[in-house]
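Chain A is fixed; fit chains B and C onto it per the hints.
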Amino acid sequence: MKVPAPLVRLWHRLGSPRWFFETTAPWLPWLLGLGVVLLGAGAFWGLALAPADYLQGNSFRIIYVHVPAAILAQSCYMLMGTCGVVLLVWRMKLADMVLEAAAPIGASFTALALITGAVWGKPTWGTWWAWDARVTSMLILLFLYLGIIGLRQALARPEAAGRACAILAIVGLVNIPIIKYSVDWWLTLHQPSTFKLTEKPAMPPSMWIPLLLSVLGFYALFVWSVLQSTRVVVLERERRTAWVQNFVTEQGSKP
Amino acid sequence: MDTPLLTVRQLRCERDERVLFADLSFAVARGTALQLRGPNGAGKTTLLRILAGFHPDYEGEVSRAPGPLAYLGHRPALSGLLTAEENLAHYLSLTAPGTALSAITDALERVGLAGYEDVPCQALSAGQQRRVSLARLPLLGITAPLWLLDEPFTALDDRGIALVTTLLEEHQAAGGGAIFTTHQPLAPRPGLETLWLGPEGAP
Amino acid sequence: MKIPGLFWGQFRRDGALALRQPGELANPLAFFVLVITLFPLGVSPESAVLAPLAAGVLWIAALLSTLLGLEGLFRRDRDEGTLEQLVLHGDPLVFAVLARLLVHWLGTGLPLTLLAPVLGAMLALPEEARWPVTAGLALGTPILVLLGGVGAALTVSLRSGGVLLALLVLPLFIPVLILGVSVAELAVAGLPTAPVLAWLGAGAALALVTAPFAIAGALSIAVETG
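Chains as they are written, first to last, in this note's numbering: chain A, 8 to 262; chain B, 5 to 207; chain C, 15 to 240.
Bound conformation, chain A alone:
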């Protein structure tokens, strides 16, 4: 099958770090603005306007941070696994750069989800830490992130490190559902004495609409930070090319 020429051109351009750097520049303020507005609206609505939970009172309001962080933590790993496939199959350098940039961001969201989970756990379960299925899966996810970050730092040559991390990210991606289901199943075997958050009654719209806004705001900020971080990696990796040197000189000469 012959791939149409414009598609091939687009694909090559997608793989070009310079094209990425120049194209994404105008998106950044919009993404940041969108993220701040959505998150601000979600937070204000969720924290000030939404009714208190009939069971948990005001402490439930941490879900406006906790749930988006947990969702992003998983999305980010999926992004990394996808980048791993793209890097190994099509040898696209940009995928490696995104993979490198996204790992610490994903790890931060995972840590945020764990910390806010603990903070929420104290008033709800009466303990900072309970071996709930989601908490446990999230902790394992954090280890998967730390493994990728550690491997990247340990391997000296960026090309080799990139492909090694890609293999690890793919292995991790395949294992995440297995880990998740085995942990869920492990908990049903152990008859959890705690609340199950999944079995809450359906939320009223006044609770879930702000949650949706927060999730979207988190996504916008996530994309913004991955783009920013990838741009830094692009500059670092391509620092000897003429276009980066021109760019840096221009930036330096600005008042």
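If you're looking for bench data, these hints aren't it; they were derived computationally from the structure.
Hints may contain errors.
Just some of the chain C residues that point at chain A, by a computed CB distance under 10 Å [as the list claims (entries may be wrong)]: (1) I17; (2) L178; (3) L193.
Just so it is clear, CB atoms sit at the ideal spot from N, CA and C, and this is done for glycine as well.
This is chains B and C only, laid out in the frame that chain A set:
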């Protein structure tokens, strides 16, 4: 049968922020040997590793005639706990499975190690270990048309050096080709070419 | 002709190597027994306390001892230069990798599984759980070797990759641990263990057909760095 065993066009390689070589083009025809020379760090080993297919990070084109490749790196690729025969048998299972094991005895005899078949390699001297490594060449012979040898003369005595030279000449006579790195240039002879690497080129 | 030749050539070589340095295989096994000895000393020698922990202790010790054996899985081959020849000629490399892992499992996972009933008795593992746990180890240790092999191959070019290797592979071992320990719990509760064992078997099959490719890829990357 006149297609070269190896053709390199416009090869460029950077390593650790340094351009090792750029715009490098050459070919190895059947019956020729190419000695790679140049100061330490000029990229001789890297070039050999690119040609062997270990390094994907280069620009340009490398095309190799089909058939297995004999590559001797600076590490001997021998397990000290195994005997010379066992090491070579493993090599045969990788490169030419089904070859009669008597070929190993012949090859060891060829490199002057007759009677050492059953000695664990760690009990051999550095020069003898080098010879076990080199026994791969007569073992494969022309089955591997192209030989890539990284410093084949290290740790060898005069007779060892003469042996490698003879092996190369026989291989060329049989229609094979070779590329090897060296700091000890071979005496000029027909079919032996030299390629200089490094910033200064040939001195 | 090529593939069986590759597999058996590698199997013979690695088998001969393993037999010539029995310590390399015996040490992780001794470590396994040692960790298990520490538990009664550290927790309690009472059967009543040990019995519910026994399967978990066996499995955690198995995980750690597998981890210990993994570091040397490809390290020596790389240092000697054999790995280069393997990557260069081992086509397809996965079969040589499979032979290597098989020898490794025969030397570590299998004896560990065979020791489990004896060590289980020392840990007061309930009798009805003895054989299910052993069967679980027989199915689970190949998964550990296969998944661990990926980590070992990814870290083979590092001078001291041990701690990083643990960080890479232990999270991946968790489902095996969970399934393996639940087998014991189900057996003690008088419930059928076959479904969980079947899951472990499915996991082993999945790892068998996927992990060697990841390992082969990782080894090729390791060879690039010279």
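Would the stated hint for C/L193 survive a check requiring a Cβ distance to chain A of less than 10 Å? holds, 6 Å
With 10 Å as the cut and Cβ atoms as the points, is C/L178 at the interface with chain A? holds, 5 Å
Hint validation: C/I17 versus chain A, beta carbon distance must be below 10 Å. Holds or violated? With a closest approach of 23 Å, the C/I17 hint is violated.
Checked against the numbered hints given earlier, this structure breaks only hint 1.
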